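As given, the protein sequences belong to chains P and Z, one line each in that order.
Numbering-wise (my numbering), the first sequence opens with residue 1 and increments by one.
Numbering-wise (my numbering), the second sequence opens with residue 1 and increments by one.
Please note: incorrect hints may appear among the correct ones.
Calculated pairs, EDC-like style, for lysine to aspartate or glutamate (alpha carbon to alpha carbon, straight line, at most 16 angstroms) [to be verified]:
1) P:K789 - Z:E303
2) P:K789 - Z:D302
3) P:K715 - Z:D192
4) P:K715 - Z:D105
5) P:K17 - P:E69
6) P:K26 - P:E69
7) Z:K253 - Z:D192
8) P:K219 - P:E229
9) P:K807 - P:E822
10) P:K129 - P:E13
11) P:K709 - Z:E130
12) P:K323 - P:E69
13) P:K17 - P:D27
14) P:K709 - P:D737
Residues from chain P that keep clear of chain Z, each with C-beta distances beyond 10 angstroms, as calculated [stated by the list, open to error]:
15) Q76
16) P155
17) A255
18) A259
19) L332
20) P454
21) R602
22) G613
23) E642
24) A691
25) I734
26) P783
27) M801
28) R825
Here's a subset of chain Z near chain P, in silico, CB distances under 8 angstroms, partners left out [to be verified]:
29) R97
30) G98
31) Q99
32) E195
33) E198
34) Q277
35) S288
36) W300
37) E303
38) G329
39) P332
If you are wondering where the hints come from, they were derived from the structure by calculation, not from laboratory data.
Nothing here was measured: the structure is a model prediction, and the numbers come from that model.
The beta carbon of each residue, even a glycine, is placed where N, CA and C say it ideally should be.
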Amino acid sequence: MSEWRFDDTVFREDVLKPVQDGWPPKDDLFRVYLLPTDVADERTITAALAGINSQFTNQRYRGFRRACESLRAQHQAATVVLTDPARRKSHRQRIDELSAKLTESLRQRLNGAPGLPSAEVAALVKSSKGTLTRTAVRAALVRAGGAELDPAELPALVEPVQWIETRGLLSQLQHDSLWSYLATVLNGPSTTTTEIGRRRDELRVSRAAEAVAETAVLKRAQLWIDAGELVAALRYEVFDDLRAKVNFGYQDVAAGAKAAGGRLRQLGLPADPALVAYAVWCARPGNGGNRAPGWQDDYQQSISELRLRAAVAVLDAQPNLPKEWAERRDKLVKQLSALDAEVVRCRALESTDVEAAVEGYRRIREQLADPDVIAAIERCRPAEPRSAAGRVTDGQVVISWSPSTSRVGRIEYRVTRGSTVVCAETGVCEAVDASPPGGTALVYSVHTLRDGNPSARAARTAEVTMLAEVAGLELHGGPAAISGRWTLPDGAVGATVSRDGKPVPGAGLTTFVDRQVRPGVTYQYLIRARYRLSAGAAGYSDGLSATSSCQEVPVAVTDFTAEFQEGELVASWKPPPSGEVQVLEFAAGDQLPAPDVMPAARAMRNGRPVRPGTPGGPGQLRARSVTAGNRVVLLPVTVLGELAAVGTPYAVDVRHSPVRGLRLRRLGSTVELTWEWPAGATVARVVWRSAAKPSGPTDPDAAFRDVTKVTHDSKGVTIPVPEGDYWFGVCTVIRDDKEDSFGPLVLTGGSMTATARYTVDRVRRRGPWVLTVEAEHGQELPPMTLRAKAGVRPTGPHDGMELESIKAGPSPIRVEFRVPPELRRPVHLKACSLDDGVVLVASRPDQLIVR
Amino acid sequence: MATTTCPYCWTVHRRADLMMRCGERCDHRGELFPERSLKEGRCPHGKQPQLRRACPNCGNELLREYVECGGRNIAVIGSSDSGKSTWVGVLVREFQRGQVHERFDGMTLNLLGERSRERYKKDFEIPLFEDSRPVLPTASAVRTTPEPLLFSMRFTRPGRFGSNRIEPVVTVFYDTAGEDVARAATLDQLIDYLESAEGIILLLDPMQMRGVRQLVGGSGAKTKFTEQLDVVTRLGEVLSERAKGRVGKLLKKPLAIALTKLDLLLPTFGPESPLRQPSRHIGVYDQSDGRDVHEEVRAWLDERYDPAFDRTVRSFFEVYQYFGLSALGAPPVSGTQLSPDGVHPYRLEDPMLWLLSRFGVIRTRGGR
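Bound conformation, chain Z alone (with noise of 0.2 angstroms):
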């Protein structure tokens, strides 16, 4: 039977147990009834409900095409400073009228409901492309409950007979804030959010790994730093703490690993790099390039920051790839000030094609 998980206290609900309103027309309106209890597409009373359902646990409305078309959650974590808002924010962006745009023609993407709508342009668009400097810090989990932001992709897939057919996904993403990340126990309270994402992208902070930061030069403002080491692997533990079977067997959730800040990296690696080419995801994911990417990244890590990195994440995560982007393209000059060039992002949509990919909303070519 078909479920939903609610986006916004993410309980997992059978589809006839979701809520429904009794319309206008009805003398009971408004009243709350399951799903189930429609008769012939009619209220309880008889006349014709409200469109919408509601989690029967927290009472918030789920659009129609999220419940239609199964929303697909996805957790993005990372230490404070590695740029999750940033590269959220800059992602819808790119998916709508960007590179992506661009590479993958016919696809579209449309932000879900007016307070994912708002919220974008209230946290990410207006102090990005339109004040040019960086976002806000996430508000803590402690405090607050990560708000979704829901969005809707939808892709033309040639049909079988020459026709093309448009295949929409339903996207939540979780934007966290930074501090939850660096302490176990502000971890634990995000578990029901991770456990219920179908993906993970755990962006890393190279600025935030000893010896990187010396060797492209810090700022010096900040003085305490977040262990990324420790971050996956407590990713790792809290979702352990959940996981069905036995001790000791790998996550099948996908984890995508990206290293930020590309932009202040790129002279360590060298010309043949492939994060000094083109990105190859045109039109389908190319998971020769990703794999390619995966392996450039891996060896970095094991030569610039911790060679037991990988082997942590190999010891928690079955399906786990490496990517490496920059959300801004160039480093901000200043706290509040965005480089006057403006966004230019580069590979920041790797770790989502490569989700899409493994969801199958888009189709991969090569590799294997």
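One chain only, chain P, in its complex shape (with noise of 0.2 angstroms):
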């Protein structure tokens, strides 16, 4: 156990100024009676509160009177408290929560960084009103992982000249920092002006835009080699980019000064990372402790923007100005001066060489920001070009010119017209004037301009008169005569028409009409612009060429036909001439337009027009047709430009649509034929020729029969014919109060077998069985076999055994034959013709069979 002593130097610091400023004592016991919180010892408190209670009237305290009262005050009920093992308790766990709130307020604070500096430390206790003391925001630190702790001294930290913008132009040469540029394409921080210069002239050659920016870059770098700034550039980039990572936390700037590490030794700066981070640190920006004075501010503003003059004056105008600083503001003042001995030397110049006077005032412009030195570079005009010259081409006039002798700055130029600006800038040494007023003499001026500055005199061309063609032509031949017209442009005052080289009479300002042609001849138009020129002659353009020929009579289509297959219109027609047939569709009892010549959009009015379904070649059609209805009519139409020849109508109907599937099916000596119907129709004309095939429904040498849908539909279509070769047609038959009307005839083939019919019978009984074989009608009999076969029906001239041959003969024939015992009964006979033109057919079926 420790023996409680009193502390003079903790009493006064901790206790008495604080309780003097108006902090209460009753808030920490402990620290009033220099006790530690977790005192348990009774004599150790009871020695703390006589020890602390005779130090009320001490005369070494007589400078904290008030405190000493309040002290005393205080003294009965802390003796309550800290005697009393529960109150001590409970007082002691209050102190202990606040104690633990200060050390996470501290960590949270430190955000990883080692420590404090004092000036902060002091900060805080001076603004916690006595409720903290340095000795407990230090125990607070050192709970928290930190210490109050100074950081390292750094160099003054000033943003170089013109720093924003060399940042830019390096991350448009793909460089994170100068120091990366430096290292990669020069000699790192110990780069020299010889080899700044032999890397510009590298670049001299390109004009490339990453040419031009590097080339920035190295005049910056130049400018600060030049004031020995370079390295306080380089370190400044350190900073800087430590700084920028502040917000993100202090572990990031230290591992961001832990990278840098080779680069700050290169640069004189601390070797230890965590020293630099830490300075870093603790002058990031709102950090009361370290933050940079206003006038700081002002001379970086001045210097960022070239104000160097301004820059001078915010230092000049602090007082005690640091060491480090009042060497700045010296090497500023004597930057000025050069830069004012380099103004007067170019002023010097302009009258002789303005170009290298131009050249020496864009480079001080460059490091000094001064209205005498712009007013100086408007002041030095770029020379104007040595010559320009114009000339008309396709109505249009092209200005060309020399180029200037100027060099420095952006070199361009301005043409115009009077007080027309042509062309505002251009950098090649060309214009083109597209809409120049006609018949006038006009004259263009060229300017050189330098970065926008025009030269003091222009170049001029010589005068040049612009003759635009007449716009807008167009020729139309009509039955008897072609017609023209066009526009006139501006400043013509008429025109010229010529055929074929020759005048064509009558012509007017903007149009002609030439009746000296003849149909389907082509003739070829020139019409040129006729202008008055300033000197009372006329002048006329070159001219338009044009051709067109009088309208040809259409001729009409007479032999158009059509039908209808598989639903789809099929029309054909002898193409005519020239022109382009055109069918149109009319419902039955439409007007029809006579057949004649006439204007097309009269011919054309009231059909419709049959659009191609799938492409035919010349005369012919495939298409849906567009009407309702069964019954159409088509109406070819020659149309000839504006011409139209109307054909001869042809109807067609959809029910006239050829039958599709025509099966034919011999039933001895009939025919069965069956097929499908076309829509709509009803009735179909069967017929039939021998031979030959029928020439159409109404061919006189065939015979027909007209048949109903429903009739074939229920029964069929059934035609006795004797033998022959037939033909047989199918086709779909309108009626209507005038004739009847058929489809497109189908044609099928056949060819009918004769019949003889034959009998077996037995003249006796146990006699001989007798084939009887008669034709039908008395014709030749054809070879035969009789054929047997046990207990089933031979089934043709080659199964089962042949009992008979029997040859060709007259009708009728008579064979006497036997069955052979050997044959099982039943035993079935079969007669069969051994000529396919003849077919035997047994008259009585049940005498086959020989039982």
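Using the hints, put the two chains back together into the complex; each one sits in its own frame.
See the structure below:
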């Protein structure tokens, strides 16, 4: 157990001074009586109470009379709290809680940094109004993992001239830093002006944007080297980069400093990255303890805007300027003097070498913002082009000129025609006046521009006169004449028209009509605009050439035919010699235009054009009908230019589509016909003719039968025909009041066989069997075979056993035969023809079984 | 005593056992009572009864014409895709307004009852003749009891003294699902139906016969086929189970075996074949023509399909005949589209005419 001891310094600093300033001592009785918060020994407490109480009247502390009175007044109550374990514990808990809060607050404030500067600790104590003591803050810092720690001294950080722009240029060059650029391209912080000059020479041949940017960077580096500030600029860059990491916490700053360790050594900065990181951290913006004075901000602002005179004035206005800053001011003054001398030198050059003077002024402008320098640059006008010329080409005036001798700055040109600006700025030596006025003498002026500053004088072209052509020329070939029209360009007073080199009489200002033409012949016309020139003479444009011909009369189509095939309209005709045939569709009963030649618009007025569905050759059309209903009228119209010849109309009925799938089935001496009916058709005609195709539905040599769809669908169509080759045709039939009309005839062929009938009978019981064959129409009988088979009927002339082979001969034929006893009963007989043209049919099939 | 077979549940009832209902004026309106309870044409309560009879077993109403004319039940069976529904649908049309109607002067066919008319319209007429598409497959008897299609046919027959008389016959068609005949188990479920039928029409699908399909070129869409010989074997076995008399006794129920889709097979028949000649059933059933076709088809089956087929049929059935027909006249262009030139059947009616002649409804001519 430690013995209590009185500490005068602590009592003075931690107790008397705060209480004197108004801190209530009851807030921390352990502090007042110089006791540790975890004290439990009664003797120690009693000794502390007695020891402190005795100090209240000590003359040493007469300067703290008010504090001593306040302490004495609360001594009794303090004794009660400190000597009562329960109250003392409660008091201790409250103090511990506050202590824990302070520790946490400081931990956050440290943000990973190793400590707080002394000034910051003092400010913290001061601002606590006695609540905190330096001892308590130090203890809390230790608990938070830090300490009271002052940062290392770093060189003054002054932003180099045009630093921001330089960073932008470096970014354009894909370099993160000036250090990186110098280390990569040149010789790092030891780079010399010679090395920079060599590099600038290399870049001079290139006009690329990167080369321009790098040249600018090299210029800045040159300036810093000349002023001995290159290392300072690189130091600034290091600190600037570390400062940018402050917002992300101390750890990032420390990591950045560690990464820049090598640079720090080469730049003469503390080699320990932790020292640098802590110094940057303590100097961070908003950290009240390390804020730079306001005049430094003003200085920085002036430097960044190249207002060097204002920067010197700011430094001059500061009393007790630190040595480092005084050196900086001296350098600035020296730099200003050199620039002023350069201005004087350039001024002298203006009379002898303007370009050199401008170049000097522009160099000064890069270091110094001065209105006199700007005025001097404007005063040094560029030289105008030596010569200029204009020429008329394709209705435009092309102006060209020789380049100016000026070379410094951005050299461009401006072209004007009187007060009209033809081209405001161009870098090439040619411009085009796209819409010059016609018929007047034109003079163009060309000024040189240096960074937009025009030359004092201009190069002028000789006079050029624009003779524009007529506009909107249209020729129209009518049946008996060719006419034309156009509009005159500005300045033109008229036009001339010639055909094949000879003038066309009666041409007006903007129109002409040529009646001396023949149909079908193509003529070429030349139209020239006429101008009245300034000297009173007439001028003519080169002229526009165009051809036209007189309207040809179209020829009507008179052989148009059409039919429906599988729901599609198929039409054909003989194509006319010229023009396009359009097919119009009309519903039955529509008014049709009379067959005649008429304006195309009138001919096409009422009908619905039939659009080709699939591409067809000349004189052919396949399309879908657009008219509802069964019957449509088609009208061929030959369109040629603006005329149309109406052809012969042709009525076609969808019911007249050809039948499909015509099928023929022979049943003995009859033929059964079936087919698929076209939509809407209800009656069909079946025609048939022996040995030849029917020529049509009304072929006089053919037989026919009209069949309704109901009959076809319910009973079928069966036609008895004798033997021979036949052609059968089917077409649809439409009956109206006037006459029958027929659809296309679909044909199929077939051969009909002759029939001979036979019987098998027995002459007498146990006698021979007799085969009797008789032709139906008395014709010659074919060779035959009589077959027998046990159990089942022979299926053909080669099945079973042949009982008799019979030669061909006249009808009737009788043949006796015997059925071999070895054949198992019942025996089935069958007579077969050996000629495909004749079929043998048994009259009594029941007789063909021999039991 | 007259009996009636209910076309809905195939139970046989004496006429007097059929149920009747009390009429509108009776206090017991709608009450069922057996026909034998009629007293002087009146219900047991002395009022006028409703005219229609009802089956005592299933309660379905029996039309008077069916009861009084003695309806003839005809069963149509065949493997899946053999065209049973198509055949029924086109047959009715042919008898109503087609070639058959033309060949049998004075013959009329009317569908009986609203149910038959609606069913025919919905299931047959609209698909085949309006939409030109195949009919939908018939529901299996496992799920749905075959729905009868009742129609009345009237034939004009000359009287003894030169006058004509109208002879009505009511026919009931049952269309079965093809899948039902493909398995013995499901065919068993049709036993009542087959047993009650007075005639059976078995449609043979040539496209399900090996060799034939390759011969005419199948579409390749179907990969599973029903052996046609198995169908007739199962049919014979099922009917024999219920047959009376000694084992092995031939069945007397007439069986019409029709080779369908003849339009595809015509090239396999010679030009002299009766199947390539016009039908000779004009006004009468021509037995000579029928016999000719029978032998022709029998020979064709022997040569193209299976010689055992006819022997199998003959081992079960005493009365049977072969036919060849085409219900559509041309194969459909796709599974949903019939031939665009319409429905043109060929010899479609032959099996029906044969059965009608067997029933004595139409006259026969020639042959034996």
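So, going through the hints one by one against the coordinates:
1. P:K789 - Z:E303: holds (12 angstroms)
2. P:K789 - Z:D302: holds (12 angstroms)
3. P:K715 - Z:D192: violated (37 angstroms)
4. P:K715 - Z:D105: Within the cut-off at roughly 14 angstroms; holds.
5. P:K17 - P:E69: holds (13 angstroms)
6. P:K26 - P:E69: Status holds; Cα separation ~14 angstroms.
7. Z:K253 - Z:D192: Measuring from Cα to Cα gives roughly 14 angstroms; hence the hint holds.
8. P:K219 - P:E229: Roughly 13 angstroms between the alpha carbons, so the hint for K219 (chain P) and E229 (chain P) holds.
9. P:K807 - P:E822: violated (26 angstroms)
10. P:K129 - P:E13: At roughly 13 angstroms apart (the allowed maximum being 16 angstroms), E13 (chain P) and K129 (chain P) satisfy the hint.
11. P:K709 - Z:E130: holds (14 angstroms)
12. P:K323 - P:E69: violated (51 angstroms)
13. P:K17 - P:D27: The given pair, whose Cα atoms are some 15 angstroms apart, holds under the 16 angstroms limit.
14. P:K709 - P:D737: The hint is violated at about 20 angstroms.
15. Q76: holds (111 angstroms)
16. P155: At about 98 angstroms from chain Z, P155 (chain P) clears the 10 angstroms cut-off, so the statement holds.
17. A255: holds (78 angstroms)
18. A259: holds (80 angstroms)
19. L332: holds (102 angstroms)
20. P454: holds (88 angstroms)
21. R602: The assertion about R602 (chain P) holds, with a minimum of 45 angstroms to chain Z.
22. G613: Label holds. Min Cβ-Cβ 22 angstroms, cutoff 10 angstroms.
23. E642: holds (48 angstroms)
24. A691: At about 21 angstroms from chain Z, A691 (chain P) clears the 10 angstroms cut-off, so the statement holds.
25. I734: Label holds. Min Cβ-Cβ 20 angstroms, cutoff 10 angstroms.
26. P783: About 15 angstroms separates P783 (chain P) from the closest Cβ of chain Z, which puts it past 10 angstroms; holds.
27. M801: The assertion about M801 (chain P) holds, with a minimum of 15 angstroms to chain Z.
28. R825: For R825 (chain P), whose nearest Cβ neighbour in chain Z is about 15 angstroms away, the distance exceeds 10 angstroms, so it holds.
29. R97: With a minimum Cβ separation of about 5 angstroms from chain P (threshold 8 angstroms), the hint on R97 (chain Z) holds.
30. G98: Holds: closest Cβ of chain P sits about 5 angstroms from G98 (chain Z), inside 8 angstroms.
31. Q99: holds (5 angstroms)
32. E195: Hint on E195 (chain Z): violated, closest Cβ of chain P at ~32 angstroms, above 8 angstroms.
33. E198: violated (26 angstroms)
34. Q277: holds (4 angstroms)
35. S288: holds (6 angstroms)
36. W300: holds (7 angstroms)
37. E303: holds (5 angstroms)
38. G329: Holds: closest Cβ of chain P sits about 7 angstroms from G329 (chain Z), inside 8 angstroms.
39. P332: This interface hint is violated because 13 angstroms lies over the 8 angstroms limit.
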